[in-house]
Amino acid sequence: MLDLSVIIVVSIFGIIGYKRGFIKSILTFGTSIIALVLSFIVYPMMTMLLRITPVYTWIYQTISKKVEDISFGGGLQSQGDAITKNITWMPDILVEQVKNNNNTAMYDLLGATNIKEYISLYVTQMLMGMLALFLTWVVLKIILTTVIKLLSGIIEHLPIISTFNKQGGLCLGIIKGILMLSIVGLIIPILIEIPSIQSIYLEIQSSYLSKWLYENNLIIMVYNYLFHI
Numbered sequence: 002m003l004d005l006s007v008i009i010v011v012s013i014f015g016i017i018g019y020k021r022g023f024i025k026s027i028l029t030f031g032t033s034i035i036a037l038v039l040s041f042i043v044y045p046m047m048t049m050l051l052r053i054t055p056v057y058t059w060i061y062q063t064i065s066k067k068v069e070d071i072s073f074g075g076g077l078q079s080q081g082d083a084i085t086k087n088i089t090w091m092p093d094i095l096v097e098q099v100k101n102n103n104n105t106a107m108y109d110l111l112g113a114t115n116i117k118e119y120i121s122l123y124v125t126q127m128l129m130g131m132l133a134l135f136l137t138w139v140v141l142k143i144i145l146t147t148v149i150k151l152l153s154g155i156i157e158h159l160p161i162i163s164t165f166n167k168q169g170g171l172c173l174g175i176i177k178g179i180l181m182l183s184i185v186g187l188i189i190p191i192l193i194e195i196p197s198i199q200s201i202y203l204e205i206q207s208s209y210l211s212k213w214l215y216e217n218n219l220i221i222m223v224y225n226y227l228f229h230i
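Residue numbers (the numbering used here): 2 to 230.
Possibly wrong hints are sitting among the right ones.
Stated by the list, open to error - 35 angstroms max Cα-Cα, derived DSBU-like pairs, lysine-lysine:
#1 Lys100 - Lys117
#2 Lys20 - Lys117
#3 Lys86 - Lys66
#4 Lys86 - Lys117
#5 Lys100 - Lys177
#6 Lys177 - Lys212
#7 Lys212 - Lys117
Hints listed in this document are in silico derivations from the structure and should not be mistaken for laboratory results.
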């Protein structure tokens with residue numbers, strides 16, 4: 002069912018792109034990409050703002066409750082196995098990062114005294130960064146879209162082959178649909194923590210396309226590569 006929703010979303014963006022044509026589509030798609038690139042540059046400021054809100058406390062307390070009854074053992078191997086087995090609500094690439102940073106240096110940096118405090122603090126900061134990236138993108142997207150609308154009326158009247166305009170718009174629309182799903186994927190690990198919609202995780206795990214997009218989210222991969230506490 003979730004896979005069908007993915008197909009519908011991508012198809013809708015494709016149809017919108019076809020109707021808009023290549024020129025309008027490239028402009029709107031361009032705002033999404035530019036907003037995303039800028040978000041990776043300025044999202045740390047949004048993270049700092051979010052850390053003084055109740056959101057930080059809520060995420061930290063939620064993660065703490067998730068790990069308080071887990072037996073991690075005393076060795077790195079047993080702790081790594083426990084992390085892999087129990088922290089299943091995040092993409093594997095992020096879980097691996099939690100495992101790889103389970104060391105004394107990171108404990109000192111975070112002020113953690115044990116494995117449970119480390120996971121609670123580290124995952125909270127990781128998810129806060131992803132939420133900040135998402136919110137920063139939304140704000141920048143709105144600003145850039147407003148500017149582009151002022152220019153599109155002039156640019157769209159430039160001579161262009163109609164067929165290419167429509168087909169190009171369709172292709173860009175499909176790509177944009179996938180990009181939008183990837184951006185929404187940034188906050189899925191946080192949404193899963195909300196009791197009323199926790200079932201979305203089971204839906205993802207029982208789907209093919211949705212699970213593949215969740216585990217292979219290019220934006221999360223870039224975030225994972227750039228992520229620093």
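Structure-based check of all given hints:
With a C-alpha separation of about 12 angstroms, the suggested pair Lys100 and Lys117 falls inside the 35 angstroms cut-off, and the hint holds. In summary, the hint linking Lys20 to Lys117 is not supported, as the alpha carbons are separated by about 52 angstroms, beyond the 35 angstroms threshold. Note on Lys86 and Lys66: the hinted pairing holds, with a Cα-Cα distance of about 16 angstroms set against a maximum of 35 angstroms. Proximity of Lys86 to Lys117 is assessed by CA-CA distance (about 15 angstroms); at most 35 angstroms being required, the pair is judged to hold.
The suggested pairing of Lys100 with Lys177 holds, with an alpha-carbon distance near 33 angstroms, which does not exceed 35 angstroms. With a CA separation close to 19 angstroms, the supplied pair Lys177 and Lys212 stays within the 35 angstroms bound. The hinted pair formed by Lys212 and Lys117 meets the criterion: a straight-line CA distance of about 27 angstroms does not exceed 35 angstroms.
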